[in-house]
Amino acid sequence: METVTLTIDGRNVVAERGITVLEAALENGIYIPHLCYHPDFESHSACRLCLVDTGDGELLPSCRLTVAPGMVVTTNSQMIERARRSILEMMVADHHTTCRGCPSSGQCELQRIMGRLRIDRKRLERLRWPTEDLPRDTSNPFFDFDPNRCVLCGICVKTCEEIQGADAIYYTARGNMTRIAPFGNKPFAQSRCESCGECVVRCPVGALVTKNVQRPKQEVKSVCPYCGVGCGIYLGIREGVIVDVRGDTASPVNGGHLCVRGRYGWRFVHSPERLTTPLVKKSGELVPASWDEALSLVAERLAGYRGDRFAMVTSIKLTNEEAYLAQKFARTVMDSNNIDSDARLSDAPTLAALQRTVGMGATSPLSELAQAATILAIGTNATETHPVVGARLRQAARRGASLIVANPREIDLCRHARMWLRPHLGTDVALIMGICRVILEEGLVDASLVDEKAAGLTAWRESLRDFSLGRVERITGVPQEEIAEAARLLASGPTAIVYGAGITQHTHGTDNVLALINLALLLNTGNDSLRLYPLQAHNNALGVCDMGCLPDYLPGYAAVADASVRERLAAVWKADLPASPGRTLTEMWSALASGTVKALYLVGADPLSTMPGHEAVRQALASAAFVVVQDMFLTETARHADVVLPAASFAEQEGTFTNMERRLQRVRRAISPVGDSRPGWQIITELAGRMGSKGFAFGSAAEIMAEVAALVPPYEKASPEESTLCSFPAADRRFAPLAYEPVEKIADIDYPLLLVTESCLYHHGNWSARVAGLKVLADEPFLQVNPKDAADYGVTNGQMVQVASKQGEMVTKAIVSDVTPPGVVTLKGGAQDLQALQAGLTAVRIVPQTE
Amino acid sequence: MLSGFVVADELAKILASYRGNRSELLSILREVQDTFNYLPEEAMRQVAKFIGIPESQLYSVASFYSHFRLTPLGRKRISVCRGTACHIRGAPQVIEEAGRLLGVKESETTPDLEYTLETVACIGCCALAPCLRVNEEVHGEVTLKKVRELLPDLNNGA
Ligand code: SF4
Ligand code: SF4
Ligand code: SF4
Ligand code: FES
Ligand code: FES
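These protein sequence lines are chains V and D, in that order.
The numbering of the first sequence is the numbering used here, which starts it at 59 and goes up by one.
The numbering of the second sequence is the numbering used here, which starts it at 63 and goes up by one.
Incorrect hints may have been included.
Claimed, not checked - Calculated cross-link-like contacts (lysine-lysine; reagent style DSSO-like; alpha-carbon spacing at most 27 Å): (1) V/Lys216 <-> D/Lys111; (2) D/Lys167 <-> V/Lys244; (3) V/Lys656 <-> V/Lys340.
Derived from the structure by calculation, the hints contain no laboratory data.
Please model the entire structure based on the sequences and the hints provided.
Put into structure tokens, the structure is as follows:
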């Protein structure tokens, strides 16, 4: 570190070169009043309170003044004090009323400065203008904005622009009418505000404040349990209850940044709907029971269904420890490989494609995403599904990286993108192949080097022959020049590829992922990672798969079918392992309906809510002889169970999660389990014990992780304490030849439109619905219709329409907008109603409703 | 309020002669206002997209210049003078009474788009203070009674 020495108020101060005088002073315990300075931003010296004297007669804002050797700075003199005082008096007179009742009292920077300068607020009252208080904006369920307390420091504006990238708020009007406000002076809740609360945590005064703040007495380090990003958090605890959450600024994942779910979504933990006791079905009713009664019943009944008659499904929100024990239970206690997870619905195509090309263990560190020069965001609305990654993409575009968005829908990222490619629905393979062909034809990468590092180049190249730009344009609707330009941008890396549900939750999901892997292989030849980022919808999708909650893989992706692997594991587990791969999630339902599988154990999984076409699931549940559900809530599915076991939340137990970059992170017990609920691993341990198994004598989550580490080498080296990355050994890389398969012509005369569904920031699985504020913010479901289709079917903006598919129908509000392309209608929000309509890609018709 | 489609059609005509540069922003907004008499929200959103700036920043510009109207203009524009002379001689009460009668606040328009209430700086008739203007016609020495004669009581009447 290069340093300079300067004098501040007569003291010699050594400071890092390049920092400001204000920073140097604060670091050395010399207080200079400041309001608009924030370490996260370049100073814009709006408040001018930080004035100092450097001896040349002019007072300069110290937040803008870079330290220089030999500089002599005075932070306080009569002249400075006079200047500061008059600035402050104007500020207080204009904007401030009283600190009484202000939630920030005691933590407010303005209050601190007023105290230091001994400002007499009484005297200032007279100068106050406007005389009337402006209305507070309380529209957001999580925070309030009080313009009367705002000092216009601009920190919130910068935060929203530079950190979150939502650009929701700005200065409005001018002079002494200047206010911070969203577009159209609308309330926050009706604006583009994404409720991340980043501005709230930075506001130096009491203008933006969390609703009903309670200061925590103690903080416990943990991990956000929502999406695959895995942001580091601190749970703030007071009297055994979570009262606040803040981002962990030391986290290598998010550096303190959180989205609305991470910051405010924890409230499901204290939802009154939490299950507090086991429930057992007696004459058709679920009634409370003791743990002893419930567990003996489960142990006794399950004992009768060992082998193929048993199936288990886990959620992808379990801790690694719970997931590991769950599959061990299925395999060793129940002698069945019928174990699968919700990842089947979202992440299976990624696993299948990785296995064929670069190995299951391939992941890319998020730090490389942040440094990429070009980023392709395809089939993902990351700002809503994975908000902190979404914000990173917007930040990247801001700092000059070329963001290319490929999406049939006009999502917010398009606004920030250098290029927006708008392929027809389901034509991604053709688009990517076209791009790859340009890269090779124009010699944008060194083909001989590519050939050296990955197998199968020739065969794959052969398959590219079918993708002339003319044909690709015809298939995708993306003009040739755009495809070529995108190819050139992508080749000028380092290039990262981010993809989401638009790629995977698709009939040709695996082909889509293979196409992207091919592209990544071409672009990241010399790099250890492929800079390929699948966005898993849930926090521990990767971990649950790593732990072996898969019918054909044991922990660490060791193939069930491989006898030597089974032997090795059998020695550790001291039990025989079933030899043939089990049934996948989708196969389980028919096996249940036909009576082959008879008992079902659902660990946190709620297939009635998550599975499309859930009539089959309903039938399967009805045909099952015995259903156990282990969950925090009485879910849709749990209502059909014979026994419901109340599970503790992530905040009530020890354990680990593995995020999208395969970073092993620890969650800690911050509060005691709610009611009589128990950590999942304890429930399984106890049950296995009752069923006579010896391999489950674990006394803590750490003991379970120790066993995992012995079996899955990447987990051995990882330390959850330091949240390190786990890495599987690099596998050989191989290209996958591809052909373009058109999505079946599903639309017809009766159902001429395609329906897609859009995830919503505020709607995330089963938990967000149990957070009142998230429910308030989630839009009422509505259907976006392209103006062209609206004209064809006589739909007007705001009208109620009936949407009908072959499976079912619903009535919802239509919004006419070219955000959705012609021929495609988009349904946002309202996941429940959707079930009736959807099974995969769905054709629908829309009929305007008349009153 | 104008329907989104009317706005879109008219706006497309305006934007056709621009390239989408930031420097064109003010002239575009001026043309939009000339066409609609104010800046409709939908139009502001579209212009922001056209120029490639966030909506909030466009609104910031639009609200900075008093020239731009953010709400539709009524057929009768009631401009109450707020100049010093008028202020001293009762402008605040005049504004309050006019607002009460019309049921709107300053810079607002009645829902039937008949009246807009606004305040202006000195209109040069200080000798007759307090003054107000109905469109271009000036009324001096306005009393509260006179206000009630000039304006209907939409608040209780309706
Ligand atoms: S909460 Fe987030 S999105 Fe909303 S205004 Fe603040 S920074 Fe912007
Ligand atoms: S709301 Fe807070 S952060 Fe924003 S300008 Fe006002 S005082 Fe500053
Ligand atoms: S981005 Fe994902 S992990 Fe991070 S706070 Fe939001 S929901 Fe949680
Ligand atoms: S802190 Fe330096 S000008 Fe505001
Ligand atoms: S102050 Fe009202 S006319 Fe001059």
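Hints and how they fare:
1. V/Lys216 <-> D/Lys111: Cα-Cα ~20 Å, so holds.
2. D/Lys167 <-> V/Lys244: Satisfied, since the Cα-Cα distance of roughly 17 Å is no more than 27 Å.
3. V/Lys656 <-> V/Lys340: holds (19 Å)
Violated hints are absent here; each numbered hint is respected by the structure.
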